[in-house]
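Participant: Chains as they are written, first to last, in the working numbering: chain A, 1 to 219; chain B, 1 to 474; chain C, 1 to 249.
The set of hints was computed from the structure by calculation and includes no laboratory data.
Remember, it's a predicted structure, so these values are computed and weren't measured experimentally.
Heads up, some of the hints might be wrong.
To be verified - Some chain C residues near chain B, calculated using beta-carbon distances under 7 Å:
#1 Pro42
#2 Ala67
#3 Glu173
Stated by the list, open to error - What follows is a set of in silico ranges between Cβ atoms, one per label pair, in the way DEER data are often shown:
#4 C:Gly181 x B:Glu305: 13 to 23 Å
#5 B:Pro19 x A:Gly37: 30 to 40 Å
#6 C:Glu166 x B:Ser450: 58 to 68 Å
#7 C:Glu166 x A:Ala180: 58 to 68 Å
#8 C:Gly206 x B:Gln20: 46 to 56 Å
Said to hold, decoys possible - Listed next, the stretches of chain C that the computed footprint assigns to chain B, with coverage defined by at least 3 CB atoms under 8 Å from CB atoms of chain B:
#9 52 to 61
#10 213 to 224
Backbone N, C-alpha and C fix where the C-beta goes; we use that ideal spot for every residue, glycine too.
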Amino acid sequence: MSDARSSILASLRASRDAHPVETVASDFTVLREKRWGPAERLERVKRMMEAVHTEFVDATEQDWPAVVQAFLKDAGAKTVLYAPATEAGARLESSWADGGPELVRYDRPVDEFKEEMFTGIDAGITQTLGAIADTGSLVLWPSADEPRLLSLVPHIHIALLKADALYDTFWQVMTENRWAEGMPTNALLISGPSKTADIEQTLAYGVHGPKRLIVVVIR
Amino acid sequence: MAHAEIDFGKASRAALQDPQLRANFRRAMDGLMSKRAAQFADSAEWHSMRALGASVRLRALSKLPELLEKLEENCTRNGITVHWASTTDEANAIVLEIMLRVNAKLAVKGKSMVSEEMHLNAFLEKHGIEAIEADLGEYIIQLDHEMPSHIIMPAIHKNTKQIAQLFRDKIKEAEYTEDVDQLTGLARRVLRKKFMNADVGISGVNAAVAETGTLCLVENEGNGRMVTTVPPVHIAVMGLEKVVEKLEDVPPVLSLLTRSATAQPITTYVNMITSPRKDGEKDGPREIHLVILDNGRSKIYADEELRHTLRCIRCGACMNHCPVYTRVGGHAYQAPYPGPIGKILVPQMEGLDKRGAMPHACTMCNACVEICPVQIPIAGLMNRLREEAVHPGPAVKDAGAQASKAEALVWKGWAATFSSPTAYRMATTVLSAVGNAAPASLPLLKEWTSVRAKPRFAGRTLHDLARDRGIPDV
Amino acid sequence: MDATRPTTVYFFGTCLVDLFYPQAGMAGIELLQREGIRVVFPQGQSCCGQPAYNSGYKDEALKVARAQLALFTEDWPVVVPSGSCAGMMKTHWPDLFKGTPEEARATAVAGRVFELTQFLANVLKVRLEDKGEPVRVTWHASCHAQREMGVTDEPKALLRQLANVELVELKREKECCGFGGTFAVRHPEISAAMVEDKVADIEGTGAKAVVSGDCGCLMNINGALEAGRKPVQGKHIAEFLLERTHGTR
């Protein structure tokens, strides 16, 4: 449909050139000035995310794999999908104790085990790049090592958050880290478990994605 | 004139006589308005944010052709195939061609208003392809063969009982329940199978970033991520105005969008897609197609004033705050876009012959103007379309279609009378003397008196009283 | 004396006030005169042009607006006892006159237009002494007063100066009453639904009167109150303020 392309662009160009659009400078000060103190940030992330049913668990750099395992055992999870090629995945593998839920490696294309992923996996574990105080959001950049569906298909999503990886706003995350210079295949903000209000404005959780989102705060 | 005029009056009367419908809308809109007000309680922040939002949209419109080219260039470099469609027919044909090439039988869809413009579901069905709406609200209305009644909350016109009944009637394994968690769980079970087996995922786009070739989508349910991640092919459809210049333009636009729409600081998911699955990646679609649709937008863009319609970020807040929409609901408009934005957008897309009544379904109360997060002068544009409807001209499709010699004559007479002090004096003297004797059955008075008493002429005008009291004239 | 306080103002009565509510217009004039202001009422005036402007007939609106503009030869403020007509003059005249020889004059006059309560409260800073019996009233805010003239607190502040007046606010004060000029007759059923809701809201306050600053709204609300045989009455704020501070007129 290349004629559509050229006719659309020609028409837009002619219209714009005949009557340029008056613009005003974009002043991002309002976003730049949204700041919280280091102590307030985590507090605010928790408060905002808990308001939409996110659960928080505390852990340390040493004990987090055990904390995760205990939590999942308690939650009745039988199978846990994880990314073995990541640093966190390696830690999980090496410290996973016997008798807990079974660890399932996400190390092949989804096409080879779609059915199993949709029907046989209870939980998925991912790392995060940090969290945003303004909106109460986790920042995720899925990758070849840590695929996208880990945080979407399993009923429980465990997200690992380093307690010092906190930002003020979405705008700050992308400008300070120069996202515009190279975006990944998929970048995500996740601000709670999947939810809907499409039935008479009544909130229900876990409509298509995870029913539970557990943020493990690692100090 | 090919089209019959769409009768808004008749449809709105039917809606007004449905007490359940009116109650559903009133309740929902009241809730949305008060929650939104709480989101923007800091008035200085609100004013700065909406000024920023407006500036982002204006800047995008000021460079629209260049940004679309840049978007195409960057998407192409990222591996996203870009298609252009002048009409909805062309857009449908593009989607179908992709589907046929990959031998698709089942498509799952995320919420997309552009696909509603295209009537894509019906089109695909005609060609033997099942297209399932995966957003819960869209799924509900698809089961009932309805159109969305709101651009953000498509099933807002239904209450839980109505949905419970619908699920029992239309879903095989369903038992009757009014428990919202169980109803949601039922949809989850049905739709997870569809996600798993779908050949193609279809989505809209909330903002497309020219700078990076990134498609941004916001949603709460996860269906949007499902349709853009699980099936092997993803087709995104977008109106050509959805482009923004820079990545940093996205946070203010999405913040204004989600806070205005559903009073959420942000949606559960912000999904930014920049390429198909790369070598070594284990999921994501292997193909992504972006269909850029015109469908009248370039004509809207041609007019210096009307092009501001294209600032819209589709938050739907204008609907939530519209006293007319609140009374009649979305279906009365019989259009993909109802409410204030629909009243200015749809007549421009479909023509004033078919849609000339829409700009008049408005009291000019300006409630929408007050809350529009990108400062669209909706009432002003509505007024302009009223003018276009009765004056033939090139700016809007079917301009002049509503022109009536009789009406024009009435206004000419009005202007002649009201611009001449002598004629005005004579007219008011006559009206003051005999006006109250006018029977209530006269046109206009008849409509007025359907629920109101006749207005009473005072007998002596303010001109008379002022003269009597010696109020100086100069 | 305040240097910004003018000595003379134009009073633009509006066509609805002229024909249906002249006593409200006179009350407005008296309130101004009582503050020592010289009020000029140009006898050549008729209408701001809004009915044609909102119906798509801008040439006709311009013709009528032009006849009004010609009356305001001095740089005195123009005081209007109606938010909607004031809004037309203040926010739409500059557009309406764009590209005409009178553009600059229209813009200048637009800058001097005041809605009556805005002028009383902000410019004259009137002090009101209530001489009436205790009464409960509610306030109906006109859409254009609020959103075109930016008049929201001024009229309520004036009412609150009255010691014996209890002001009970409507639940949905900001919502349109359904008048909308020709809207009321083009879409009578929707307009009816809106004014019925407004009447119910008014009744819910238990007020004896609903006070407003806009005669379009008043005509609509009063018509519905009367047709529904409700004991509540709609009253223009100018009349109400004058009655309360001056004894019964």
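Participant: Next, verify each hint and record whether it holds.
Facilitator: Verification of the hints:
Nearest Cβ of chain B to the Cβ of Pro42 of chain C: about 6 Å, under the 7 Å cut. The hint holds. For Ala67 of chain C, the shortest C-beta to C-beta distance to chain B is roughly 4 Å, which falls under 7 Å, so the interface hint holds. Because the beta carbon of Glu173 of chain C sits about 12 Å from the nearest beta carbon in chain B, more than 7 Å, this interface hint is broken. Checking the proposed 13 to 23 Å range against Gly181 of chain C and Glu305 of chain B shows it holds: the Cβ atoms sit about 21 Å from each other.
The hint said 30 to 40 Å for the Cβ distance between Pro19 of chain B and Gly37 of chain A, and at roughly 52 Å that hint is violated. In this structure the hint that Glu166 of chain C and Ser450 of chain B lie 58 to 68 Å apart at CB is violated, the actual value being about 34 Å. For the pair Glu166 of chain C and Ala180 of chain A, the beta carbons lie near 59 Å from each other, so the given range of 58 to 68 Å is met. The given range of 46 to 56 Å is broken by Gly206 of chain C and Gln20 of chain B, whose C-beta atoms sit roughly 29 Å from each other.
Chain B is given as covering the segment 52 to 61 of chain C, and this holds because 10 residues of the stretch bring a CB closer than 8 Å to a CB of that chain, at least three being needed. Counting residues of the segment 213 to 224 of chain C whose CB lies closer than 8 Å to any CB of chain B gives 5, which reaches the minimum of 3, so the coverage claim holds.
In this structure, the earlier hints numbered 3, 5, 6, 8 are contradicted, and the remaining ones agree with it.
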